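Participant: Starting from the known structure of chain X, fit chain R onto it as the hints suggest.
There are 2 protein chains.
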Amino acid sequence: MNSLQFTAETSSDGVLERDFTLGDIPGVLWSPASGADRAPLVLMGHGGGTHKKWPAMTGRAHRLVTGCGFHVACIDAPGHGDRPRTAHDEREIAALYRAREAGEPEGPIVVRYNAHLAERAVPEWQATLDALQELPEIGAGGPVGYFGLNMGTAIGVPLTAVEPRITAAVFGLHWPDVLAGPAKQISIPIAFMLQWDDEHIPRESGLALFDAFASKEKTLHANAGRHKELPRFESDSAAHFFARHLVRAVGSPA
Amino acid sequence: MNSLQFTAETSSDGVLERDFTLGDIPGVLWSPASGADRAPLVLMGHGGGTHKKWPAMTGRAHRLVTGCGFHVACIDAPGHGDRPRTAHDEREIAALYRAREAGEPEGPIVVRYNAHLAERAVPEWQATLDALQELPEIGAGGPVGYFGLNMGTAIGVPLTAVEPRITAAVFGLHWPDVLAGPAKQISIPIAFMLQWDDEHIPRESGLALFDAFASKEKTLHANAGRHKELPRFESDSAAHFFARHLVRAVGSPA
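In order, the protein sequence lines correspond to chains X and R.
All letters in the first sequence, in the order written, are residues 62 to 315 by the numbering used here.
All letters in the second sequence, in the order written, are residues 62 to 315 by the numbering used here.
Source of the hints: derived by calculation from the structure; they are not laboratory data.
Keep in mind the model is a prediction, meaning the values are calculated, not measured.
Everything hinted at is true.
In this list, chains with the same sequence are indistinguishable; a pair is considered to hold if it fits within one copy or across any two.
Straight line, CA to CA, 16 Å or less: simulated EDC-like cross-link-like pairs of lysine to aspartate or glutamate:
hint	residue 1	residue 2
1	Lys-114	Glu-78
2	Lys-277	Asp-258
3	Lys-289	Glu-278
4	Lys-289	Asp-258
5	Lys-277	Asp-259
6	Lys-114	Glu-70
7	Lys-289	Glu-260
8	Lys-277	Glu-290
9	Lys-245	Glu-278
10	Lys-245	Glu-224
11	Lys-289	Asp-259
12	Lys-245	Asp-272
13	Lys-289	Glu-167
Same shape as in the complex, but just chain X (with noise of 0.2 Å):
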């Protein structure tokens, strides 16, 4: 396995950030400017159509180093941001767009091309976070949450399930169908996030994606409001949800 490589640095409002590539996998690693030794990780999937850089993934990496003293990363998923598409994603992405435009449900097409993007993407995680955890200023054995929405909790879920170093996780809005089998499998504190008023995962659905999970400690938010309304109030309860979880697990009161 390759080792992290970084390839860009910038700085401000106290947060360094660092591009990296790991092999062919373009990330994006966010830290406390003034130094965070062994600080706490959260690894932080973005949704699909967007990439590691999006508004709202450099918004709530901010939020979670200057508010928490964390390190946050990202990596762009398999098709996404810096990453070439497959013969494979440009079918599945015509099919999206072909289902939008004939007013058809998108869900069965996001169901199952996630599903196949999660397949590339969980290993490609965990190669990640072994090449993280190498890096002095994280180490091995530090606590590690993940926080990731829509295509972000369908690549989360089975990763999650298959990686015991992931203690804290943040999911939400997404179908159950072929997450709620990994679900039973998570046991750990999660939080999940549900829009009312969703116009593509029917309630009920969503409902059930968070019954699914087997953890004693859940917590569903669930905010009245459309698909792409969620408000950014959430990015506060994810960041005391991190707290609670990732800075207690090093011994330090939340």
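Facilitator: Positioned in the frame of chain X, the structure of chain R alone reads:
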């Protein structure tokens, strides 16, 4: 109408606690010991079988006073705390204990009795709010929140439906039977707490009550666990909710 009479005063951990009476209603007002001129006011409704200074009440009050700088008031509900029980109260409480001992569902009795108590309590809360707003440190026209679960929701929902001075509310842990009607008249921002494994309130019933609110801005917090296992951190999320809605209402950032 009588005016509010302070009967006792103590101070600890930065919180001034003043007992009061308004006619035959006993109450308590918690305020920042450092003074809080025209700060927002949160009305807090206690649960069934408890009283205005139950540990959950004083804990939440201290959190809101020291964390947000608010005034917080709680009054004993009819038949609770320092207040006499009527023959009707005694009959319903006896019926509830009989149902519990027989292992029968307590929902039907609680729903019926709470509806009765709410009819007595709503005008008491309105008179209390009138009197509190005559205090110079609170004043008229400032932001007012309501925070009550269980019986506190049974009283708070019909109160909020008829009381335009309340501009944000936290409810939860109740059946929808009597409350869905007034909930449909409520359009202020609300947060709603529900226990995912509640042994008394079926999950669908709790979700139906959340669904009934007409509010464009509403958030459901559903936590794994039984009826009495609401996680302590939900006091913090309620405080964040009130800070967002009551502090912004007077023009300062939350």
